[in-house]
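Engineer: My request is simple: use the sequences and hints to build the entire structure.
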Amino acid sequence: MTTAENEQNMTSQVNHVRHVLAVASGKGGVGKSLVSAMAAVELARRELKVGIMDADITGPSIPRLFGMTARPESSMVGIIPPETATGIKIISMNLFLDDAGQPVIWRGPLLTSAIKQFWSDVAWGDLDVLIVDLPPGTADVPLTAFQSLPVDGILMVTTPQELASMIVEKAAGLAKQMSKPILGIVENMAMVTCPHCGETFELFGPSHAEELADHIGAPVLARLPIDPTVTTLADTGHVEDVKMEAFTPVTEALAEYITTPSTVFAAPNPAPAPKTS
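All residue numbers for the sequence shown refer to the UniProt record's numbering, where the first residue is 1 and numbers rise by one.
Just so you know, the hints here were simulated from the structure itself, not pulled from any lab data.
Among these hints, one or two may not hold up.
[To be verified] Derived BS3-like pairs: lysine-lysine, alpha-carbon spacing no greater than 25 Å straight-line: (1) LYS170 <-> LYS116; (2) LYS176 <-> LYS116; (3) LYS116 <-> LYS49; (4) LYS243 <-> LYS49.
[As the list claims (entries may be wrong)] With beta-carbon atoms standing in for the labels, derived distance ranges: (5) HIS215 <-> GLY87: 35 to 43 Å; (6) GLY101 <-> PRO228: 23 to 31 Å; (7) ASP227 <-> THR260: 28 to 36 Å; (8) GLU199 <-> ARG71: 43 to 51 Å.
Beta carbons: idealized from backbone N, C-alpha and C, even for Gly.
Structural biologist: Written out as structure tokens, the structure reads:
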């Protein structure tokens, strides 16, 4: 047995991940990373053990949201993910780079290999849930995540624009083809409140969340406002200080999902590849 195989075997013995939740959209710029981070923070506040896998290899935002710069460390049982101030374990490609602004110029095979290693070679330990922040699209990386990780729940993130709903519906189609359950929809940037008059405006037009919900058969869990305070905290690496009342239904739904009896072990578990024409 090679050293890599031996370490992978040891990692599978120490890892006990009860649920793997993917946060997806299909579209970029809708706030998947922010929703992933806020979900992790809220669940950690409930004293649940949470980890985040930043699967957006070429455009990682998670370390910035948490203000993290600590590098992952190597050990006999695998890569040790650094922890945030509230104990959330995080793995992200940006944590391996000397310069956070350095581009990751990789083709598909390298990207998919990184996702598999983030799962099989990282010593996640005992987690109630591992949140996987997926990149846009329905190609290599999301497909690899659904095939190689035992994802048992998906949170879809959208914005009010009809175009966003159309693309999210495509991502939901991929999830259904891979037999992955969609827990619900979060509509981000749904409205903004004027700080002077208090009137609420739908800055990006009327919501299409309910229409999307009808099409993909999943409930709308929350419509999140544009909040300058949240933006400032996220930009300065203090997402753990964010508190948003509108996010509560999401937290409740995820807490219920996590308490559902189900245990998976963090070892490679590839699913059959979908048939292609």
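Engineer: Holds or violated: are the alpha carbons of LYS170 and LYS116 at most 25 Å from each other?
Structural biologist: Holds - the C-alpha atoms of LYS116 and LYS170 are around 24 Å apart, at most 25 Å.
Engineer: For the pair supplied as a hint, LYS176 and LYS116, confirm whether the alpha-carbon distance does not exceed 25 Å.
Structural biologist: holds, 21 Å
Engineer: Kindly confirm whether 28 to 36 Å is satisfied by the beta carbon distance between ASP227 and THR260.
Structural biologist: holds, 31 Å
Engineer: Given the hint of 23 to 31 Å, check if GLY101 and PRO228 actually sit that far apart at their C-beta atoms.
Structural biologist: Check passed, 25 Å falls within 23 to 31 Å.
Engineer: Would you mind confirming whether the straight-line C-alpha gap from LYS243 to LYS49 stays at or under 25 Å?
Structural biologist: holds, 19 Å
Engineer: Can you let me know if the beta-carbon spacing of GLU199 and ARG71 is within 43 to 51 Å?
Structural biologist: holds, 47 Å
Engineer: Is the distance from the Cβ of HIS215 to the Cβ of GLY87 consistent with 35 to 43 Å?
Structural biologist: This hint holds: roughly 38 Å between Cβ atoms.
Engineer: Compare the distance between the alpha carbons of LYS116 and LYS49 with 25 Å, and conclude whether the hinted pair is satisfied.
Structural biologist: holds, 22 Å
Taken one by one, the earlier hints all hold for this structure without exception.
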